[in-house]
Amino acid sequence: MKGLNIQAKEKSPKVIFDPEKKIFEMEGNSRPENVRDFYYPIIDILRKYFEKVSDKGDHESFNENPFKFSFKLDYFNSASAKFISDILVIIKDFTDEKLKIKVYWYFEDGDDDMKEVGEDFSEMISLPFNFIMIQRN
Amino acid sequence: MKSYDVVVNHKGFISLEIIDDMLHHLKIFLNNKESENKTLRKRVYSLSVECLDNILKHSDLNEENHELLDQYPPRFIVERIAGNFLIHTGNIVLNKNGEEIVKKLGDLNELDENEVNALYKKSLSNAEISAKGGAGLGLIVMSKLTRQKIKFDFEKINDKFSYFAMQLNFKK
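Residue numbers (the working numbering), protein chains in the order written: chain A, 489 to 625; chain B, 515 to 686.
FYI, nobody ran anything at the bench for these hints, they're computed from the structure.
Just so you know, not all the hints are guaranteed correct.
Taking lysine to any residue pairs in the SDA-like style, the calculated list, with each CA pair at most 25 Å apart, reads [unchecked claim]:
(1) B:K663 / A:D608
(2) B:K663 / B:L530
(3) B:K571 / A:R524
(4) B:K571 / B:N672
(5) B:K571 / A:S573
(6) A:K603 / B:K636
(7) B:K636 / B:R661
(8) A:K497 / B:M536
(9) B:K571 / A:D574
(10) A:K603 / B:L622
(11) A:K580 / A:G491
(12) B:K552 / B:K686
(13) B:K556 / A:D599
(14) B:K686 / B:Y586
(15) B:K686 / A:D608
(16) B:K552 / A:I622
(17) B:K610 / B:N628
(18) A:K603 / B:R589
(19) B:K636 / A:D574
(20) A:K490 / A:D597
(21) A:K590 / A:I511
(22) B:K610 / B:R589
(23) B:K635 / A:T583
(24) B:K685 / A:D562
(25) A:K560 / B:S639
(26) B:K636 / B:L622
(27) B:K636 / A:P520
(28) B:K571 / B:K686
(29) A:K603 / B:K556
(30) B:K636 / A:R535
(31) B:K636 / A:K490
(32) B:K541 / A:E521
(33) A:K499 / B:K556
(34) B:K674 / B:K556
(35) A:K497 / B:L530
(36) A:K497 / A:T583
(37) A:K490 / A:I533
Estimated spans, in silico, between C-beta atoms of each pair [stated by the list, open to error]:
(38) A:E552 / B:N640: 34 to 40 Å
(39) A:I620 / B:N551: 17 to 23 Å
(40) A:Y528 / B:I591: 34 to 40 Å
Owing to the predicted nature of the structure, the values given are computational and were not obtained by experimental measurement.
Just so it is clear, CB atoms sit at the ideal spot from N, CA and C, and this is done for glycine as well.
Make a model of the complete structure from these sequences and hints.
Written out as structure tokens, the structure is:
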């Protein structure tokens, strides 16, 4: 299955989805001019990937090496927040299907709001997050 | 002596390019205030994006009324007064949308911090993205991040349009 490798721009984040390495990463800022055009293909490819894995039924071998989602966002607008929540709902749906998926939420030291927004998402969607504080220069 | 800066002062037509320029300028200003609280700096930036998105989304209402735009231009001002920030916005809205905004802001101003946070989570779960790319969350985000009542005013222009002005206050 093909992945994604979207380069960061000033208004949109870097997005990497590598089905072989079982990683998904978003990093940077998100206020794309056309938020729907940016996020719909990402959501579509993720849902199709997890549906395929789930339909295959070999959860045991998938779970030996859990899929990792990393959110390393510096800033996102409210419309992007909606789509990030849609991505998290996909994760929740497939963890409910007994696939092992880990979520890492990065925030910069001193950026209390970014940590809080991760806590809000985690609570809203009932999905545990690993919080990681980073230092940026 | 208290410091005072007018960080952004825009009155007139607004486009994506103009918004990008203003945000770029604002970012440079905020990055130079490293001694200040990072959370406050990011909130000022976040709220500026939401305000400018809102102004832009209403801009298509105005194409039919160029004369009105000259008289009532979109406005976006960011001031820094003794380390606190004030954001002023102004734009023309349809009267029918204005009524909805008054109701939304009136309701938000009645809520305490926890209630605003609960409303944000509920609204995010139920949000639908409009054709213009809005999630309908902007005003709630403003209330959530400023943690203050939002001051606003409407001036009726004619039977169809009003001028909507808003002031957001960020205390350090």
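The hints, checked one at a time:
no.	hint	in the structure
1	B:K663 / A:D608	holds (22 Å)
2	B:K663 / B:L530	violated (29 Å)
3	B:K571 / A:R524	holds (15 Å)
4	B:K571 / B:N672	holds (21 Å)
5	B:K571 / A:S573	holds (23 Å)
6	A:K603 / B:K636	holds (19 Å)
7	B:K636 / B:R661	holds (18 Å)
8	A:K497 / B:M536	holds (17 Å)
9	B:K571 / A:D574	holds (23 Å)
10	A:K603 / B:L622	holds (24 Å)
11	A:K580 / A:G491	holds (20 Å)
12	B:K552 / B:K686	holds (10 Å)
13	B:K556 / A:D599	holds (8 Å)
14	B:K686 / B:Y586	violated (32 Å)
15	B:K686 / A:D608	holds (23 Å)
16	B:K552 / A:I622	holds (14 Å)
17	B:K610 / B:N628	violated (30 Å)
18	A:K603 / B:R589	violated (32 Å)
19	B:K636 / A:D574	holds (14 Å)
20	A:K490 / A:D597	violated (35 Å)
21	A:K590 / A:I511	holds (10 Å)
22	B:K610 / B:R589	holds (21 Å)
23	B:K635 / A:T583	holds (21 Å)
24	B:K685 / A:D562	holds (22 Å)
25	A:K560 / B:S639	holds (22 Å)
26	B:K636 / B:L622	holds (14 Å)
27	B:K636 / A:P520	holds (24 Å)
28	B:K571 / B:K686	violated (30 Å)
29	A:K603 / B:K556	holds (13 Å)
30	B:K636 / A:R535	holds (23 Å)
31	B:K636 / A:K490	violated (34 Å)
32	B:K541 / A:E521	holds (18 Å)
33	A:K499 / B:K556	holds (15 Å)
34	B:K674 / B:K556	violated (36 Å)
35	A:K497 / B:L530	holds (15 Å)
36	A:K497 / A:T583	violated (31 Å)
37	A:K490 / A:I533	holds (9 Å)
38	A:E552 / B:N640: 34 to 40 Å	holds (37 Å)
39	A:I620 / B:N551: 17 to 23 Å	holds (22 Å)
40	A:Y528 / B:I591: 34 to 40 Å	holds (35 Å)
Of the numbered hints stated above, those contradicted by the structure are hints 2, 14, 17, 18, 20, 28, 31, 34 and 36, listed in ascending order.
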